[in-house]
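Protein chains: 2
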Amino acid sequence: MRGILERRYSILDLISFSSQVFSAIGFSEEDTQLAAKCLTRADLRGIDSHGIARLSGYVRLFHAGRLNPRPEMKFTSTFPAVAVLDADQSIGFISASVAMNHCIEMAKISGCGMVAVRNSNHFGIAGQYALMAAEKGLAGMAFTNASPLVAPTNSSARMLGTNPIAAAFPALESRPFVLDMATTTAANGKLEILQRTAQKAPEGWIQDSNGKSSDNPDELKNGGALLPLGGESQNGGHKGYGLGSVVDILSGVFSGANFGPWVPPFVSFLPLPENPVGEGIGHFFIAFRTDAFQPEQVFRQRMEDWMKSMRSASRIGENEVMVPGDPEWEAEDIRMKDGIPVHPKVVEDLRNLAIELKISSTLFE
Amino acid sequence: MRGILERRYSILDLISFSSQVFSAIGFSEEDTQLAAKCLTRADLRGIDSHGIARLSGYVRLFHAGRLNPRPEMKFTSTFPAVAVLDADQSIGFISASVAMNHCIEMAKISGCGMVAVRNSNHFGIAGQYALMAAEKGLAGMAFTNASPLVAPTNSSARMLGTNPIAAAFPALESRPFVLDMATTTAANGKLEILQRTAQKAPEGWIQDSNGKSSDNPDELKNGGALLPLGGESQNGGHKGYGLGSVVDILSGVFSGANFGPWVPPFVSFLPLPENPVGEGIGHFFIAFRTDAFQPEQVFRQRMEDWMKSMRSASRIGENEVMVPGDPEWEAEDIRMKDGIPVHPKVVEDLRNLAIELKISSTLFE
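Protein sequences, first through last, are from chains F and S.
For the first sequence, the numbering used here gives the first residue as 1167, with consecutive numbering after it.
For the second sequence, the numbering used here gives the first residue as 1167, with consecutive numbering after it.
FYI, nobody ran anything at the bench for these hints, they're computed from the structure.
Source: prediction; values computed, not measured.
Accuracy of the hints is not assured; some may be wrong.
[To be verified] Chain S stretches covered by chain F per the calculated footprint, using a threshold of three residues with CB under 8 Å from any CB of chain F:
#1 1295 to 1304
#2 1474 to 1485
[What the hints assert, rightly or not] Here are the simulated EDC-like cross-link-like pairs (lysine to aspartate or glutamate), alpha carbons at most 16 Å apart as the crow flies:
#3 1387/F <-> 1358/F
#4 1274/S <-> 1462/S
#5 1378/S <-> 1484/F
#6 1378/F <-> 1484/S
#7 1274/S <-> 1301/S
#8 1503/F <-> 1179/F
[What the hints assert, rightly or not] Chain S is faced by these chain F residues, among others (derived, beta-carbon under 10 Å):
#9 1222
#10 1249
#11 1277
#12 1324
#13 1349
#14 1352
#15 1368
#16 1378
#17 1382
#18 1397
#19 1414
#20 1416
#21 1419
#22 1452
#23 1468
All C-beta atoms, glycine included, are put in the ideal place defined by N, C-alpha and C.
Let the hints inform the model, and build the full structure from the sequences given.
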């Protein structure tokens, strides 16, 4: 995917261009800044599939009337540590940030807090919302459902999204532990790379439209499905299905959003599912005070010790034993210094977006 | 594993015998009943590896001075919705039940509640504590760490336990959704079956002591390790490692229990790890009110609809598409009616236990 054709941009350039776009479709000044930062955090952390490459997708959702640039979001709360947020078709970046901030506020008083969000749209990388809590010394978790691409064990149908799980914990000297994972064997982004480069997919990644295991990444376009983490049932695929289910239930059933096969697609050219069971897509957030369990410095030291023990575990060959989040922190360091490589196709897409929205930008000079 | 040599016992017989054993080693009347019920719930639900087959193991932990039959457990709580429980070397069945009950009580007032437990012992199947909440109309989650058997991605060392994740949600007509899964590709019990029957293990289950993928289930005895869910990294093994890590951090780092390679072994003949980083093993529990998110009947109906949509998804061949928990509910129905098959080796072990503790039982007539 990397190559000499890829130009590198500074994170500030990407934030600046994204801001121009969000502003052009009517976001408030505050939401513009936040959305641009959340979107490009994916690029900064090395998760190219969820960053600026999706910017035009959000604009198309806006044009399709499915994304509200001026949402009036409403919390409903009947207990001190739990709330539901109706996101009023907000872009996920805003509703997720607002929801996690509310979790943190509730956790300050009660020790923990949970928010389920309905009527929202995609929120980029889940890890950043978990990280919001960790950066304030709390533990954070984030979940979202997504449009159906994944087949349950024994089924040939797409019933669940790639439904990610994210969890973040603060440490002492190290930057926070951040797990951010799709509940599928392979992320969709990895399949796109295989499709682009005409490579075969490893066993356990996908099945064809009849539910037969396949190594052809194009089967996904032909009605096939991604396999849940674990792949075939013999290798624990039913566990990945179970995890994806928990994420869908938290995000969709609890919030009043759509769930399962009714979760609306990210791409605006696909029709919305008929007979929806809720509103928009759903997220779920949890924050809890680490100092409600251990004195803050004790907790941070224990977390540091945990990380140290994993990082110093005996290696197979030369590869480092890493802690979840380490690869993304490395990517942030490198990309802050050297810039962010953007695929020529994405640059072309952004150039067209700029023309369409009458934006002038130094990005394409 | 099933065969004509296996005798079947009623659940009441197994509870009765377990009660005699717990009583004989000094449990209070109340704890005896609860521990016997929690232990044998595994047998009832078809998870033979975690039930009565482990009874003598708990007795050996008692003899080794590592299990306190009369624990004085203490909650520490500085916030309304969070607490830490020092289990005073209780058997896990008691501390886990007490902790989940406390989560439920906190959730009644705050909407959600969390308890981290330290200084505990193994608690059998995680699912039953999540189910405690679901049977009262709440959502429940349960986690525990366990002695190290699992290698992180890129490591040849055993650093984490099979660290299960359990989650349960109530529905309307269906019995609750119950996910209860080890964060490894294969449960240890499945490997024991392969060892007993001299079968090879599928790829992605285990590695040898050098970290090389192996199909020989005996490699685990020779210093090898179980692989995290996903298996090799190409198939998402780093995600299973990440999930097992989250479970270890919640259960061990938050509670003040041991974590990672310091978690004490279940078997009493293995020495305790040197330089412990905490007390005993650790658990973590969460309960939250479903009616804090949706009116109770609405939530239950949505959950029922979710289950129905998965169960009616198009099948590959004849196998049913199930919801997590369905196989265990089926096992409960069958075993309540037909009794519970117990392996002859386990019966022999129980007979020896009865002799040792001077228990007379009709179990062996």
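Problem - Hint validity - residue 1452/F Cβ closer than 10 Å to any chain S Cβ - result: Hint holds; residue 1452/F Cβ to chain S Cβ min 8 Å, cut 10 Å.
Practice task
May I ask you to test the interface hint for residue 1468/F with respect to chain S, counting a Cβ-Cβ separation under 10 Å as satisfied?
Solution key: holds (5 Å)
Handout entry: Interface hint for residue 1277/F, Cβ within 10 Å of any Cβ on chain S
Key = Since chain S brings a Cβ to about 3 Å from residue 1277/F, closer than 10 Å, the hint holds.
Exercise for the section: Quickly compare the C-alpha distance for residue 1503/F and residue 1179/F to 16 Å and report which way the hint goes. Expected result: holds (13 Å)
Handout entry: Given pair status - residue 1301/S, residue 1274/S, alpha carbons within 16 Å
Key = holds (14 Å)
Practice task
Please verify that hint: residue 1349/F, Cβ, nearest Cβ of chain S, below 10 Å or not.
Solution key: Where the cut-off is 10 Å and the nearest Cβ of chain S is about 8 Å from residue 1349/F, the hint holds.
Practice task
For the pair supplied as a hint, residue 1387/F and residue 1358/F, confirm whether the alpha-carbon distance does not exceed 16 Å.
Solution key: The hint holds at about 11 Å.
Exercise for the section: So, residue 1222/F near chain S? Judge it on the closest CB pair being under 10 Å. Expected result: violated (29 Å)
Practice task
Given that the region 1295 to 1304 of chain S was listed as covered by chain F, double-check it with a C-beta distance under 8 Å for 3 or more residues.
Solution key: violated (count 0)
Exercise for the section: Between the region 1474 to 1485 of chain S and chain F, see if three or more residues pass the 8 Å beta-carbon test, and mark the coverage as holds or violated. Expected result: Contact hint for the region 1474 to 1485 of chain S vs chain F: holds, 8 residues under 8 Å.
Handout entry: chain S contact restraint on residue 1397/F - CB to CB distance below 10 Å
Key = holds (6 Å)
Practice task
With a cut-off of 10 Å on the beta carbons, see whether residue 1419/F makes it to chain S.
Solution key: Residue 1419/F check passes; min Cβ-Cβ to chain S is 5 Å, inside 10 Å.
Hints 1, 9 and 17 from the earlier list are contradicted by this structure; the remaining hints agree with it.
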